[in-house]
Every structure is written in structure tokens, then in C-alpha cells.
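Hey, can you work out the whole structure from these sequences and the hints?
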Amino acid sequence: DTAVSQTPKYLVTQMGNDKSIKCEQNLGHDTMYWYKQDSKKFLKIMFSYNNKELIINETVPNRFSPKSPDKAHLNLHINSLELGDSAVYFCASSLIGDGEQFFGPGTRLTVL
Amino acid sequence: ELKVEQNPLFLSMQEGKNYTIYCNYSTTSDRLYWYRQDPGKSLESLFVLLSNGAVKQEGRLMASLDTKARLSTLHITAAVHDLSATYFCAVDILLIKLIFGQGTTLQVKP
Chain P
973 DTAVSQTPKY
983 LVTQMGNDKS
993 IKCEQNLGHD
1003 TMYWYKQDSK
1013 KFLKIMFSYN
1023 NKELIINETV
1033 PNRFSPKSPD
1043 KAHLNLHINS
1053 LELGDSAVYF
1063 CASSLIGDGE
1073 QFFGPGTRLT
1083 VL
Chain W
35 ELKVEQNPLF
45 LSMQEGKNYT
55 IYCNYSTTSD
65 RLYWYRQDPG
75 KSLESLFVLL
85 SNGAVKQEGR
95 LMASLDTKAR
105 LSTLHITAAV
115 HDLSATYFCA
125 VDILLIKLIF
135 GQGTTLQVKP
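Going down the list, the sequences are from chains P and W.
Counting in my numbering, the final residue of the first sequence is number 1084, and the numbers go up one at a time with none missing.
Counting in my numbering, the final residue of the second sequence is number 144, and the numbers go up one at a time with none missing.
You can take every hint at face value.
The list that follows gives simulated cross-link-like pairs (lysine to aspartate or glutamate, EDC-like), each with its CA atoms no further than 16 angstroms apart:
#1 1013/P to 39/W
#2 1012/P to 39/W
#3 991/P to 1054/P
#4 1013/P to 78/W
#5 991/P to 1057/P
Which bits of chain P does chain W cover? Going by a derived footprint, with three or more residues having C-beta under 8 angstroms, they are:
#6 1007 to 1016
#7 1067 to 1078
Simulated from the structure, these hints should not be mistaken for laboratory data.
From a predicted model like this one, the values you see are computed outputs, not experimental measurements.
Beta carbons are placed, not taken as given, at the ideal position from N, Cα and C, and that holds for glycine.
Structural data, given as C-alpha cells:
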């Protein structure tokens, strides 16, 4: 049974489009994250939500808007996609105060 | 600005050899994690190091943490091809976020 799942796995789209990525976890965790991994494999945190509340927003452009309908789900909507948004986006989850994070399979976004 | 630096960034080694990957960080933290990533895959948790002097071992991999020196090491003993992957260290900041190193790509040749 998948612990942290993301959809879609691959996303290919044109510049200027709007797209969403969905994430769900069944680990009973209360904190969820979005990370971006660039072409050089560098991983950087973007957002974190704890019990549906935003707790981390790491200077990400306003075109990126996360939403957490409940503590098991965290979605990422991206407006007006740019070439530089091409990357792999990972969702992760943890228990607040525990630290260890569990990662989803990733969504490879390609902007043409 | 917090920095987490891994060394080396790329490591090509022969099977059967030993080597160490270093992870230096620039801020106070008592928690550090090591992850493994295979090409095109997700990150798999390898070790959770929760205090100064912590040492964890799993198979041919051993990780340690020295919080005073702000240094963690991942030691590989008698490398085998299956260990080929990218290894990341990640420093825990206030139990709410991880700052990752650049990753070390390990290639083990027969």
C-alpha cells in the first residue's frame, strides 16, 4: 500500500499554461511538504503545511499556490508556467516534531 | 545562509573498496538524515541520526554524526554494484524542514 502518492507522474505542457499536481499520504502524518529537484539533482523545500496551515513558504513565486484540503492531502497549482519550472516535484510527509520525512514518487514537469 | 555541503559530488569506485562521503553544515542542528535516490526514483530514507555521536549501520553502509564539528559521514565498506545511486544528507531545521546537500553520485564498477 503506497504511503505517499502523487499524480500525475509525468506532466508535459506549454509555457503559459496552468497545471496542478496532487499528493496524498496514508501514514497518518500531520505535516506535508513540496520540494523541487532541479536538473542538477538539487533539492529545495518550497512549502510546508501542518494540519492544513501553511508553516513554510520559501520565497517561491506567487505563481505557485499550494492548497491543503485536509492533513492527508497537499496539492500544488502552478499558474503561467515558465521554462524554468521544469523539474521534478516531490511531495513528502512527516509527523511534526519527528523530523523524518517520507517522500512520494515525484512528478516530472516539463515545460515546452 | 545555511549551507549543507557534500564531498565528493561524484565518486567512481571499484567493487570491494572502501570510501567515505562527507557532509558539512553551517548551522547548529542535532538531527541529520541520509537518503538514497536511484535514477528516476524517489528518495529512500537510509539513516536517522538524532544526536551527537550517533552511529548507525545497515549492511555495507555506516553513518555517523558529530554535531560539534557539524559533520556527518557515510562510510561504504567493500562496495558492491547495487550501492550505485545518489546519496543525500539533509540537515533538520527546528523539526520543520530539511536542508539538503548537493548529493553524491556513487558509481561502483565491477
